[in-house]
Amino acid sequence: MAGYSTKEVADLVDLPRQTIWELARAGVLDPEKTTSLQYRFSFQDIIILRTAKDLIEDGVRKSRIHRALSQLKSQLPTNRPLTSLRISGDGNAVVIREDNRLFNAESGQLHLNFELTENSSVIASLAQQSAKSEKEE
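Just so we're on the same page, the numbering used here is the position in the sequence shown counted from 1, plus 272.
Worth flagging that the hints you see were computed from the coordinates, not collected in a lab.
Glycine included, C-beta positions come from ideal geometry on N, C-alpha and C.
Wrong hints could be hidden among the right ones.
[Stated by the list, open to error] Simulated restraints, written as ranges between beta carbons of each label pair:
hint	residue 1	residue 2	range
1	Gln-400	Lys-279	51 to 61 angstroms
2	Asp-326	Arg-289	41 to 51 angstroms
3	Gln-381	Asp-286	30 to 40 angstroms
[Stated by the list, open to error] In silico DSS-like pairs for lysine-lysine, Cα to Cα no more than 30 angstroms straight-line:
hint	residue 1	residue 2
4	Lys-279	Lys-334
5	Lys-305	Lys-334
6	Lys-305	Lys-279
7	Lys-279	Lys-345
8	Lys-305	Lys-325
All chains should be modelled from the sequences, with the hints used to inform the complete structure.
So, in structure tokens, the structure goes:
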């Protein structure tokens, strides 16, 4: 049978089997079941599990991950998989990045991103221009 066993997936993504089973039972993953009722996971499932692992490492609680991913999956059109979204963690929130904007995965609200590292060079340049124009006056 095609696909990956729970053990293979657990080794690939370095997640406990229990976490994998929980996500499968929550409907986040779409594994096939063999005649012996064993799960067989697809490559898409593995990508979602890697995302879940990244969220756990970002400090997002498992219960929030399960809830957010389940909710997202139920809201997406059937022809658009979860793997088409750019999902990450921000604090204890699961966020979706789309067109340089962040949205909270559970509420759908715009999530403000105050990272200064991306804008620090722009801020420094503006400060220099301001100081230069003050000297010229």
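Hints and how they fare:
1. Gln-400 x Lys-279: 51 to 61 angstroms: holds (57 angstroms)
2. Asp-326 x Arg-289: 41 to 51 angstroms: violated (19 angstroms)
3. Gln-381 x Asp-286: 30 to 40 angstroms: At roughly 32 angstroms between Cβ atoms, Asp-286 and Gln-381 fall inside 30 to 40 angstroms, so the hint holds.
4. Lys-279 x Lys-334: holds (20 angstroms)
5. Lys-305 x Lys-334: Holds - the C-alpha atoms of Lys-334 and Lys-305 are around 24 angstroms apart, at most 30 angstroms.
6. Lys-305 x Lys-279: Holds: Lys-305 and Lys-279 sit about 14 angstroms apart, inside 30 angstroms.
7. Lys-279 x Lys-345: holds (24 angstroms)
8. Lys-305 x Lys-325: Since the Cα atoms of Lys-305 and Lys-325 sit roughly 23 angstroms apart, the hinted pair holds (cutoff 30 angstroms).
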